[in-house]
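Make the full structure from the sequences, and use the hints.
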Amino acid sequence: MPGEENGSACLPGGWPEGYPPRSALFDVEPEGVCGASFESLYSVFRRTSAAHLMRPFTLANRSVTPLFGPSKNSASHYAEEWSLSVMNGVGKLTERWLVALSQLTLRNDLYLHTLFPLRHLIPYKGLLCRRERFCPDCFRDDERTKRPKYHRLLWAITCVEACPLHGTLLQEEAKIESRRNYPYWLPGVARTTGRSLSELPSVPAPPVKIRIAKLVADLLDDVHRNPEAFRDSVCAIPSFLWYATDFLFDRIPAHFANHIGVTKSSLHGWMTGKNLPSLPRLSLIAHCCGCTLPDVLLGNKVFLKKIERYDQAPKTPRRASESMTDEEIIQALDDSIERDDDESAFEIARRLGLNHRRVKKLAPDRWAMLVQRRIRRRTHRRVANEDYRFSLFYQSFKDIQDRGVYPSRRLVAEDVFKRTGVALRFTDRFLQRAHVLSGTQLRHREAVCRTTNV
-16 MPGEENGSAC LPGGWPEGYP PRSALFDVEP EGVCGASFES LYSVFRRTSA AHLMRPFTLA
44 NRSVTPLFGP SKNSASHYAE EWSLSVMNGV GKLTERWLVA LSQLTLRNDL YLHTLFPLRH
104 LIPYKGLLCR RERFCPDCFR DDERTKRPKY HRLLWAITCV EACPLHGTLL QEEAKIESRR
164 NYPYWLPGVA RTTGRSLSEL PSVPAPPVKI RIAKLVADLL DDVHRNPEAF RDSVCAIPSF
224 LWYATDFLFD RIPAHFANHI GVTKSSLHGW MTGKNLPSLP RLSLIAHCCG CTLPDVLLGN
284 KVFLKKIERY DQAPKTPRRA SESMTDEEII QALDDSIERD DDESAFEIAR RLGLNHRRVK
344 KLAPDRWAML VQRRIRRRTH RRVANEDYRF SLFYQSFKDI QDRGVYPSRR LVAEDVFKRT
404 GVALRFTDRF LQRAHVLSGT QLRHREAVCR TTNV
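The sequence shown begins at -16 in the numbering used here and counts up one residue at a time.
Any given hint could turn out to be false.
Straight line, CA to CA, 20 Å or less: simulated SDA-like cross-link-like pairs of lysine to any residue [stated by the list, open to error]:
(1) K344 <-> I312
(2) K257 <-> T246
(3) K108 <-> K129
(4) K344 <-> D370
(5) K197 <-> D124
(6) K381 <-> S421
(7) K289 <-> P236
(8) K401 <-> L8
(9) K129 <-> E14
(10) K343 <-> F329
(11) K257 <-> H103
(12) K197 <-> R208
(13) K75 <-> K247
(14) K401 <-> K247
(15) K289 <-> W225
(16) K381 <-> K401
No lab work stands behind these hints: they were computed from the structure. Fair warning: this is a prediction, and the values are worked out from it, not measured in the lab.
Take a look at the structure:
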């Protein structure tokens, strides 16, 4: 089981007696000192793969997933990103990852960087966020203190929408189309462009979201200090709900359900133990009862107080199509064109609450101008991104050339990776461009390889 000492490490023949066994993977020390800063297991694995100069998929496919044991799925199936992203959770797949990585790294504390100790207390549904999120201020702190940038376990939890340390909203990373061949994978680096995520501006978070984030961070802190209390305990949520009903609502569950904003049948299912509330619901209960999440999970009989529940900010009502005249729609399009902002034609129609077909039919010339503006912006960003990547490539190219060594594609790519943590693509095109700028020629073998690969 995860968290137990690994006494079955295999030693090679002739290993000196009395010497501890060596791990199969580099021992990358997890970062973090509190619930708001503990590193997630997925982040540890990504940094481990970087230490081995391998992509996460490659390292998982070659070394980790073959240890999962018999399965109807292949090892490469479990090495896909959907599987890597759930290693922070509470399910059976998380346990497989923990057992395999503990065996390869000879560490017995990796489970503390997941939610696995809470597997008997909270359901998996709605627990982990599907998109990677981050706090730019946390990455700036990492750069300022010169520690490796890493993803916090707190960011992977769905109900956490703010950073409790800086009071800012978490931001989502850009969606990637390829799940395996993305060029960048180190924490703190944009998956599609390779730029540092610490450069992005921060957005202040509402006090309610900061409060919920602190509740979950305190839970992770308690789990890290005393994991046995959560790992070996029986779910005591029903007993806490009965206690809160007696203490705050005169033994009337309907009043309790109304206070936390759920139906009576849902609360009845939780109080009888037929269902388990999700972590967002548990956070709501802890907030409305003025207690902590461990009190709810472990059934602690503490002093409670009524706190008004937090409500989600109301969504901006969509304007009906008939509420805007044709002149107002055309004026809105002209204003966007005059501002020269980055809003697309579809986004303008969505903001106005209109069907995009009506807007396109009403003003086809303005619609075409907005579409072309969007295309030019994307082209400009793509060229700027390639120029940025080439600047990193050319710097390593010149450094190797100044040392009197021929700057082959492999040497330049390795130097860029060691210096920046970025694995460049299109190195053949970059190499030709670098030779043109430096006035040198490609070796015959590399020129032939490039010709045959076109």
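Hints versus structure:
1. K344 <-> I312: With Cα atoms ~12 Å apart, K344 and I312 stay inside 20 Å; holds.
2. K257 <-> T246: At roughly 15 Å apart (the allowed maximum being 20 Å), T246 and K257 satisfy the hint.
3. K108 <-> K129: Answer violated: K108 to K129 is near 37 Å, above 20 Å.
4. K344 <-> D370: Violated. K344 to D370 sits at ~39 Å, over the 20 Å cutoff.
5. K197 <-> D124: Holds. K197 to D124 sits at ~19 Å (cutoff 20 Å).
6. K381 <-> S421: Within the cut-off at roughly 8 Å; holds.
7. K289 <-> P236: holds, 14 Å
8. K401 <-> L8: Judged against 20 Å, a Cα distance of about 18 Å means the pair holds.
9. K129 <-> E14: holds, 12 Å
10. K343 <-> F329: Roughly 9 Å between the alpha carbons, so the hint for K343 and F329 holds.
11. K257 <-> H103: holds, 14 Å
12. K197 <-> R208: holds, 16 Å
13. K75 <-> K247: violated, 32 Å
14. K401 <-> K247: violated, 58 Å
15. K289 <-> W225: Holds - the C-alpha atoms of W225 and K289 are around 15 Å apart, at most 20 Å.
16. K381 <-> K401: Roughly 15 Å separates the two Cα atoms, so the pair holds.
Hint compliance for this structure: hints 3, 4, 13 and 14 are broken, all remaining hints hold.
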